[in-house]
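Student: Protein chains in written order, with numbering that gives the first Met the number 0: chain F, 0 to 263; chain L, 0 to 322.
Treat the hints loosely; a few may be bogus.
[Said to hold, decoys possible] Taking lysine-lysine and the DSS-like style, the derived pairs with C-alpha atoms no more than 30 Å apart in a straight line are:
hint	chain 1	residue 1	chain 2	residue 2
1	F	Lys95	L	Lys112
2	F	Lys175	F	Lys96
3	F	Lys95	F	Lys28
4	F	Lys175	F	Lys95
5	F	Lys28	L	Lys112
6	F	Lys96	L	Lys112
7	F	Lys28	F	Lys175
8	F	Lys28	F	Lys96
[What the hints assert, rightly or not] Which residues of chain L face chain F? A partial, calculated answer using Cβ under 8 Å:
hint	residue
9	Ala72
10	Leu80
11	Gly82
12	Ala85
13	Ser86
14	Glu242
15	Thr268
Derived from the structure by calculation, the hints contain no laboratory data.
Note that beta-carbon positions come from the ideal geometry of N, C-alpha and C, so glycine has one too.
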Amino acid sequence: MTDTALTPRTGRWGLARHSLVLAGRGMTKTRRNPGLLADAVFVPVVFLLLFVYLFGGAVAGSPRAYLQYVFPGVLVMAMLMTGLLATGVSLNADIKKGIFDRFRSLPIGRSAPLLGSVTADLVRYLVTLVTLFGLGYLLGFRIQTDPLAAAAAVALTVLFSFALSWLSVLAGVLIKEPVIVQTVSFMAIFPLAFGTDMVAPADTMPGWLQAWINVNPVSHVVEAARGLLIGGPVAGAATATVLWSIALLLVFAPLAGYAYRWRT
Amino acid sequence: MTYAIQAEGLVKRYGTTTALGGLDLTARPGTVLGVLGPNGAGKTTAIRVLTTLLRPDQGRAFVAGLDVVRNAASVRRLIGLTGQYASLDEDLTGAENLTLIGRLLGLRAAAAKARARDLLDRFALAEAADRRVSTYSGGMRRRLDLAASLVGNPSVVFLDEPTTGLDPGRREDVWRMIRTITADGGTVLLTTQYLEEADALADQITVIDHGRAIANGSPAELKQLTGGQTIVVRPADPGRLDEVRAILGRVAGRRPEPATGGTLTVPVTGDAALTEVVRQLAAARIRVAELSLRLPSLDEVFVGLTGHGTTPEPASELAGAPA
């Protein structure tokens, strides 16, 4: 090959390095526009207050008792929203402007801009987590297991949300209008996040909904998070969460990469 | 010899639309190739194929002898691209934009920063280096965009309509910057809708229409083909129009067009005509309010080459052209 005379700094390390450089760009943008993080703060605050004070008395007798039950569910839901809403939309905006053309004319891995965007959005997960645990603590939520288990709950939730966020990356690449990307991502959230026993035990629901809850992978995540935060069986749900996350990553990350190459 | 840029029979179709219909292009190393054509002629598609962003349906293209499809990764190490839409990050500063590209090109942080400062100096952006691009004017963005395509010291630079939308003053700034690229030995392909721009910058011009090259030559050859230039004179004293008409008639060897608004125009060939007109006006002590040498518009070029104007847009300025 004629390549030898040039300086090929590519390969796997090149991809990781380029992705990190691009993630740094994404984080600088977020720092400059803190408003972009508004929904990462807004979502956990609104839903936690809504569920606890609106439904708490009816479902569990008191808001305080209900908080223990609903908190893990809100954690999962808020993380899913953060993952699904953020990445696809910012990516879509980048592709529409010319900047991805420039990236693609550079000798960097084709997927580096995608990986960079997704990595930069990890900051959003952090903001959501801090907000949620902070407000939860103020309202009276207490971790009933140990810090290690709580960390595992967070890790599983982030893992699953990250895996699922590739679905929104795919939407962000395929759909032309940013607003529609947001709508599609939002519509995906409802059956996934609310079609679980996050707000109330499944045996209070109609049969068809129970059937969906049984096949909805998010149910496993909620169960695992609940077990790890307030106690209960964990092993089966945690294993299922990890397997589902891997499966989602294996399907949607390559699809998103493929669509990105095709679209641009 | 090896061309810096070579395209052979490039074809690209989108559904039933043919963006490129067998395009041939060549540019020698160290020269500027101007690709001249109206909107929709395939200029941007050609650039996207040559910069590896788009695979052609048929035909082959080489940059520095490397196949843009089979050796795309190697081609990307040699090229710089400034697209038609500013490929900049509005939320970052000018310096950050250039540093980002340097880092992606494999420079270490300090080297990337130094390179960014160099380029910002060279493109007269040093004072705006630490301002966000969203605060830049159109001309500053274009200059930063140009600088961004030069971070990696590319040997071949592609500029897609680098001055579209700029006012004439700003346009000349950008021209000056573009000229410095070939001074360093680089090759430039630039697309434009203005013969004036191609004439100011290019060593060789390829005129394209409907995705094919319809003419190719040096600016001088092309001006020959398209009927050369037009001298425009408006005497300060309208009472002396007849004397001016006589001078223009003598120099051009043909009668000037009828005067409109006290202005006389006459087509000329060759560079000496304007000097001669100036000399004779001075000798006759005629003061002028306006005196210029104008190149044919893109429409006039197309009329000269094909007998019809630019077909996709029968714009209003075509009114005076033969149907």
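Student: Per the CB criterion, is L:Ala85 less than 8 Å away from chain F?
Tutor: Interface hint status for L:Ala85: holds (6 Å vs cutoff 8 Å).
Student: Take the C-alpha atoms of F:Lys95 and L:Lys112, compute the straight-line distance between them, and say whether it is at most 30 Å.
Tutor: Distance ~28 Å between F:Lys95 and L:Lys112 Cα, so the pair holds.
Student: Given the hinted pair F:Lys28 and F:Lys96, is their Cα-Cα distance within 30 Å?
Tutor: Since the Cα atoms of F:Lys28 and F:Lys96 sit roughly 15 Å apart, the hinted pair holds (cutoff 30 Å).
Student: Let's test the interface hint: is any C-beta of chain F closer than 8 Å to that of L:Leu80?
Tutor: holds, 4 Å
Student: Below or equal to 30 Å on CA atoms is what counts here, so check F:Lys175 against F:Lys96.
Tutor: Holds, at about 12 Å.
Student: Please verify whether F:Lys28 and L:Lys112 have alpha carbons no more than 30 Å apart.
Tutor: Holds: F:Lys28 and L:Lys112 sit about 18 Å apart, inside 30 Å.
Student: Against the 30 Å threshold, does the CA-CA distance of F:Lys95 and F:Lys28 hold or violate the hint?
Tutor: holds, 17 Å
Student: Closer than 8 Å between Cβ atoms is the bar; does L:Glu242 clear it against chain F? Give me holds or violated.
Tutor: Violated, about 54 Å.
Student: Need the status of pair F:Lys96, L:Lys112: alpha-carbon distance at most 30 Å?
Tutor: Roughly 25 Å separates the two Cα atoms, so the pair holds.
Student: Quickly compare the C-alpha distance for F:Lys28 and F:Lys175 to 30 Å and report which way the hint goes.
Tutor: Holds. F:Lys28 to F:Lys175 sits at ~22 Å (cutoff 30 Å).
Student: Against chain F, run the beta carbon of L:Ala72 and see if the smallest gap drops under 8 Å.
Tutor: Since the shortest Cβ distance to chain F is 6 Å, the answer is holds.
Student: Assess, step by step, whether the Cα of F:Lys175 is no farther than 30 Å from the Cα of F:Lys95, and give holds or violated.
Tutor: Holds - the C-alpha atoms of F:Lys95 and F:Lys175 are around 8 Å apart, at most 30 Å.
The structure fails hints 14 and 15 (numbered hints given earlier, in ascending order).
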